[in-house]
Structures are given as C-alpha cells and as structure tokens.
Amino acid sequence: MLHALSLRLEFGRATLPSCGVALPDSFRGRPRLDPARCDQSCHECEQACPTGAIATGPLRLDLGACILCGACEQTCTTGAVVLTNDPRLAVNRREDLVLAGEDLRMATALDVESRRVFGRSLKLRQVSAGGCSGCEAELVATGNAIFDLGRFGVQFVASPRHADGLVITGPVSANMREALLETWRATPSPRLVIAVGACAISGAVFHGSPQALGIPEECPVDLYVAGCPPHPLTVLDGILRLLGKMQ
Amino acid sequence: MNGHLCAAAPADLPALRTDGDVVAVVDIPRCGPAEFHDAVVARCRSGARLGALVPLAPAEVCAVLIDDCGGRIETLALRATEGRYPSLTVELASAQALERDLYEQHGIVPEGHPWLKPLRRHADLEHPDSGIGCDPHGFFRVEGAGIHEVAVGPVHAGIIEPGHFRFQCQGETVLSLEIQLGYQHRGVEALLRSAAPARRLAVAESVAGDTAVGHALAYCCAIESLAAVEAPPAAQALRSVALEIERIANHVGDLGALAGDIGYQPGATWFGRLRGECLNLLLELSGNRFGRGLCRPGGVRTLPSAARRDGVATRLDRAERDFERIANVTFAAPTVLSRFESTGVVSREVSEALGLVGPVARASGCTRDTRSAHPRGMYRFAYVPVTVLESGDVLARALVRRMEVPRSIAFARERLAALPETAAAVDLPALRPDCLAVGLVEGWRGEILHVAVTGADGRLVAYRVIDPSLRNWFGLAIAMRGNQISDFPLCNKSFNLSYAGHDL
Numbered sequence: 001m002l003h004a005l006s007l008r009l010e011f012g013r014a015t016l017p018s019c020g021v022a023l024p025d026s027f028r029g030r031p032r033l034d035p036a037r038c039d040q041s042c043h044e045c046e047q048a049c050p051t052g053a054i055a056t057g058p059l060r061l062d063l064g065a066c067i068l069c070g071a072c073e074q075t076c077t078t079g080a081v082v083l084t085n086d087p088r089l090a091v092n093r094r095e096d097l098v099l100a101g102e103d104l105r106m107a108t109a110l111d112v113e114s115r116r117v118f119g120r121s122l123k124l125r126q127v128s129a130g131g132c133s134g135c136e137a138e139l140v141a142t143g144n145a146i147f148d149l150g151r152f153g154v155q156f157v158a159s160p161r162h163a164d165g166l167v168i169t170g171p172v173s174a175n176m177r178e179a180l181l182e183t184w185r186a187t188p189s190p191r192l193v194i195a196v197g198a199c200a201i202s203g204a205v206f207h208g209s210p211q212a213l214g215i216p217e218e219c220p221v222d223l224y225v226a227g228c229p230p231h232p233l234t235v236l237d238g239i240l241r242l243l244g245k246m247q
Numbered sequence: 001m002n003g004h005l006c007a008a009a010p011a012d013l014p015a016l017r018t019d020g021d022v023v024a025v026v027d028i029p030r031c032g033p034a035e036f037h038d039a040v041v042a043r044c045r046s047g048a049r050l051g052a053l054v055p056l057a058p059a060e061v062c063a064v065l066i067d068d069c070g071g072r073i074e075t076l077a078l079r080a081t082e083g084r085y086p087s088l089t090v091e092l093a094s095a096q097a098l099e100r101d102l103y104e105q106h107g108i109v110p111e112g113h114p115w116l117k118p119l120r121r122h123a124d125l126e127h128p129d130s131g132i133g134c135d136p137h138g139f140f141r142v143e144g145a146g147i148h149e150v151a152v153g154p155v156h157a158g159i160i161e162p163g164h165f166r167f168q169c170q171g172e173t174v175l176s177l178e179i180q181l182g183y184q185h186r187g188v189e190a191l192l193r194s195a196a197p198a199r200r201l202a203v204a205e206s207v208a209g210d211t212a213v214g215h216a217l218a219y220c221c222a223i224e225s226l227a228a229v230e231a232p233p234a235a236q237a238l239r240s241v242a243l244e245i246e247r248i249a250n251h252v253g254d255l256g257a258l259a260g261d262i263g264y265q266p267g268a269t270w271f272g273r274l275r276g277e278c279l280n281l282l283l284e285l286s287g288n289r290f291g292r293g294l295c296r297p298g299g300v301r302t303l304p305s306a307a308r309r310d311g312v313a314t315r316l317d318r319a320e321r322d323f324e325r326i327a328n329v330t331f332a333a334p335t336v337l338s339r340f341e342s343t344g345v346v347s348r349e350v351s352e353a354l355g356l357v358g359p360v361a362r363a364s365g366c367t368r369d370t371r372s373a374h375p376r377g378m379y380r381f382a383y384v385p386v387t388v389l390e391s392g393d394v395l396a397r398a399l400v401r402r403m404e405v406p407r408s409i410a411f412a413r414e415r416l417a418a419l420p421e422t423a424a425a426v427d428l429p430a431l432r433p434d435c436l437a438v439g440l441v442e443g444w445r446g447e448i449l450h451v452a453v454t455g456a457d458g459r460l461v462a463y464r465v466i467d468p469s470l471r472n473w474f475g476l477a478i479a480m481r482g483n484q485i486s487d488f489p490l491c492n493k494s495f496n497l498s499y500a501g502h503d504l
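Just so you know, the protein sequences line up as chains A and B, in that order.
Take 1 as the starting number for the first sequence in this note's numbering and just add one per residue.
Take 1 as the starting number for the second sequence in this note's numbering and just add one per residue.
Treat the hints loosely; a few may be bogus.
[Claimed, not checked] Which bits of chain A does chain B cover? Going by a derived footprint, with three or more residues having C-beta under 8 Å, they are:
1. 68 to 78
2. 169 to 175
[To be verified] Here are some chain A residues the structure puts well away from chain B; computed CB gaps all over 12 Å:
3. Arg28
4. Pro58
5. Glu113
6. Leu180
7. Val193
8. Glu218
9. Asp222
To be clear, the hints were calculated from the coordinates, so they are not data collected in a lab.
Here a beta-carbon is modelled for each residue, glycine too, at the ideal position from N, C-alpha and C.
Put together the whole structure using the sequences plus the hints.
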C-alpha cells in the first residue's frame, strides 16, 4: 500500500491540456496542399495512394478516404503535398473533408439549443461496425489519465438508452448493419452521430468490398473525425469543437 | 510442440524453410480425400501442426503444416473431385475453425465435422449443393432443471468490438460457452488477393488494428519470398524493434485492463499510461501510434535518424524502470493474486489439442514461439528467450506478459543501438509465378500466418490470413467451463483476442 502511494506521488498528474499539445514532427497529421507546385502531369501520388484519396489536375485530397500513410508525400518531388504534425482533423460536413489547397474548415459548434442539451453532459454509445480495433483503441485512450475526456463531461456509456449519441467506427460490415440500426433506434432523440476514422467516413481501404456497406442513411452524421486511426487529441478536438468548448 | 515429441518428418512432403523459401504449386503432392485425411492426421500426430487450409483450384485444397522442430513448412494437397472429404476435426480439434472456413468460403464439405456452423458469414451462407444447412443462430444448449441461458452481444457494454457469447449456466457456474463471431467480416482476404499492391499493404495493416506491425510484417515476408528478395539489414532490425514495441505496448495495456477488471485502479491507471508512452515510441519511429506505414514489401519506408533512435532508447529505459515498479506493486497486491489465481485454467493437454498459440499457450506450458522456432529477419541473429509457465490460469497469462515485457525491451534497445548502416528498402521485382509462400510472425497475441499463392502470370490467386485469434477463441470457451460467469470479463481480458482478426 505504501509503495502504491509513493508511486502515486511520484507519477503525479499526467493529463494533457486539450489543445496546443505539440506532437512529434514524425507524426503524420493534417495534409497541406499547394496546388501551385503540382505539375499535374506525373500522377505519381495517385498511383501510390492506397485508397484513391488524392487526385491531380487539379490537386485535391479527400481526407475522408485518406489514411495518412504519407505515400503521396514520399512520391511527390515538388512538395505539393506535405503531411504536417497537426492532429486537428474534425469537420461538420462530409464535403469539408475534401481539400484543394485552402485551410481545413474545422468543425463548428452545435446550435444554442443543442449545446444547452448536450453541452454540459454528453453520454455516447460506441458501436464498432467492422472496425479493426485501431479507432476503438484510440477512443478507449480518450478516457485514460492522459487525455481524460471525462473532465469535459463527455463519457462513453454501456447502453444506447442512456446515450445522447452514437460514435461509429469501421466501414459498417454487412453483418453489423442491423445491430447498428437497432442501437440507433434505441438511442433517444435528440441524438448525435459521430463518425470516427476513415473507414466509417468512406470505407477507406475497404471501399468497394461487398461486405462494407457504409453508415446507413438513417443515421445522419453530425461530426466527421478523420484519420486512421484518429489520434486521441483529434477526437478530443472534434468533440470539444462540436460542443463549443474550443474555438 | 516440444522437442521430445517430434518424430522425423516424412521425406515425401515438399517442405519450405520459413525464412524466405517458396514451393512450386506443381510440386505439392495431390491425394484423394481418405489419403489426405490420413496423411494430415498422421503428420500432426508426429509433431506438426495444421497451419492453414488454402484453396489452390476449385476442388483443390493445400494443407499447410507447420513443423516447429524442423523450422519448416510442409505442404500436401487434397483433390476433392466430389467436393467433400472426411473431416479432420474428429481427430484434430485444432482443425475445427479452418474446416468451417473452408466450407463457408469454398463449399468443400468436411464430412463428419461435429459443428459445421458458419464462421463469419451470416447472410449469404448456404451452399445450395452441399446439402448441409447452417444456421449461425442455432446454439449448443444444455437442458435440465436449474439450467439457464445468458446471451451477450453482438453490441457489448464498453468500447469493444462486436461478437456474440452464449452461456449455458447452472446457477453462477458456466457449463458451456459458445462464441459466435463474424460481425466484423469485411472481406480482407478477397482484397488481399485482388486489390492493387499499395492498397493490399494498407489492408494487411487493418486486419487487426492493434497488430498493424505484425500483420504488415507477415504480408511483407510472404510477398518478399515470392519476389525472391530480402529486406536490407537496417530494415529488418527496425521491423523487429517495431514488432517488439507493439508487443510491449499491448502486453502493458492488457495488464492494465486486467487490473481494471478487478477494480485495482492503480494498476489500471499506470499501466494504461505506460501503454500510451509505448505507442508514442512507435509514433516516433513510424509516424503513427500503431506503427502503420512503417513496413513495406522490400524494407521499411524510412529509417530514423541517430538522434531519434537515441531518444527512443532513453525513453525505453525509463519505461522499463516504471514498468518494473508498477508490476512489482501490482503483483504483490493480495486482491490481484486472489482473483487471478486458479481462474480460467487451460491445461497443457487442452492447449495442445486446440492448437493454441502465443502467451495463452505459453502460460499453459507449451513452448511455442515463432521467434525461436521459425526465426526470420533479425531473429535469426538475436534470440528472445521463450517465456513458459505451467499453471494455465489468468495469473499465468498475466505473468507471461509481465515477464515478456522486459525481454522485449532489452531486445529492442540492443537492435536500436546497433542499427546497421544500410538502405531502407530494396525494389520489389515481379512475383514468381505458380508458387506458394508463407509469412510467419510472432505477433503479441501469437503466431500470425499469411499464405500467398501466385498464378501463371505472377498475380496472387489465393491469400489466407490466420490471425492467432482464430486459434485461440475456442480456448477461451473451454477456459470458462466450470468457472463463475462473473469471471468471464477477467478471463476474456486474459486472452484479449481480436474480433476483426478472426472475422477478416
């Protein structure tokens, strides 16, 4: 017991602030596009991209399909695509994930009434629908001592009946579609849907597989969190922006 | 398998070494159903293990036999012109999932299989000509006074993948547990066979997200064998470092999750935090917390600078110190020991019979570690001691992890300090046509097996992924028998198997 207490004292507080944390420069985060540098004739990046997320002529990149593997950056000889170490990758609308050189339009806050309902206490139910456990692992990490999403009143709960919304991961496998819809129907309105990870947003590497069906139309998405998997800080940033707790 | 049990391998099966060899498909001996059954059973009784059943042609299936003593793979093919053969499962319990998979994907019927239920497909499962109906929702039932049934899933409480668990209980005691998976099936093997090479690598990294390095490496090994190239020494060293850090991160995370499940909060918090630090080390080396984007066929994408390597080595030292202190406090707590001890016992006999792998098998007294039995890459030159315990309970499974972490840290540190000065990768030539190759990697959960087969034009015509979870899920079902249902979460964590890796 004494050993445990002395370790507790020594380890101290581990929790990171919710913004302004600098990740290592090796971290592959938000891509920065410079169409003026793209010579539009080589197409090397298109061929190297595993998910067809990037296109030239003109240069554009769909962050919803991008798995941030860095293959485009590595093949580009003109520096038109660079992956920065910025983890902020969450938006409100699917089309906002398509980059063509301008800054990413990051998620904005819900309307006043929704913020009144969800702003102080947001309970979420997670459904993995064909997720590989990468996104799930990072969602678990948001609850640990380092990222501590709970301090903002956001928690993952066991039952959809206790939840204010769903967090969906994975490309939505055929075998999980019905269970996902059941969970959605069991969640009382008003309710949010948060799509976490490239698979949930676009299918990513599983796009086109007959077993990967995508999020059903019945579940309108309020927040898209890009990445493969998104860093816990990416998830934190997205949810706090949605709740108007981060500008 | 243990040394003294091994008999001499029969000379007539073509074998390939596990460090880069291939076998020509034409050289694989074909035999009829009865002969195939008898040969596979005989070989598995004389020291080999059934690794995979791989389709070569519509009515041809290749058995991949793993010979741990000889460090080699043997192959033997079934020619099932009638589309059926005598089931191996009757004699070899370890074949049960492989045969169900074969039936489900290719309609080849293992006659006499005791439980021919779908493994992954729920909707499009019936093979009209097979004559065997299969219902994924018909469960094994125990009947009698005082028996009740508990159904859990597919959507569970908590952030976890989906699967269905069906318990038959008498009071608190579990008499039987049946595990029905398949909810995560997303077509991995079809994509690995048919997608463009850049996408295939990304799919391999997504077989099981917590084993991105392990599966990427198994994929690279299979492809490099087919292309007859070897990754440069620096790439091999860095791959082994990443594989060991992946092991450390997951083992530490598992210890935290075990502590959390029994309400031992200090262990849960500190191990959880340390796991995060290990993921951050992978981020330093690869740019991603799970090591995605590090491996590629032919080598690695980039090599870290000397300064970055030194930084990682220093942080590994600190992680080792912290780990020892947290582990010592945790494993000295009576509350931890009393919950872990004698819970969910898997005997060595059961482990051998079911063909369990990884820390689960090593906790039951089986000396089974691909790193020493089938060394490839850096493991040919540097040895990681195999950790084996006997008691087969939750405590043993926790202690195997606790003992493997420092050994992996020592290995990773040495490799980082002496990273060879070579290129990061070599170019990949075209794949050899009409060949079969394997990638065999000891991931943190156990043996990862990838089998790739090329056709006449050098394109992949078959690709099989055998995640350690496919072998170990049945072990969890058996471990629960006679235990209290309230100990299920703890038992489950001590196995910590992948749903996605099983379902593919």
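**Message:** Going through the numbered hints above, which ones does this structure break? Give me the numbers in ascending order.
**Reply:** Numbers 3, 6, in rising order.
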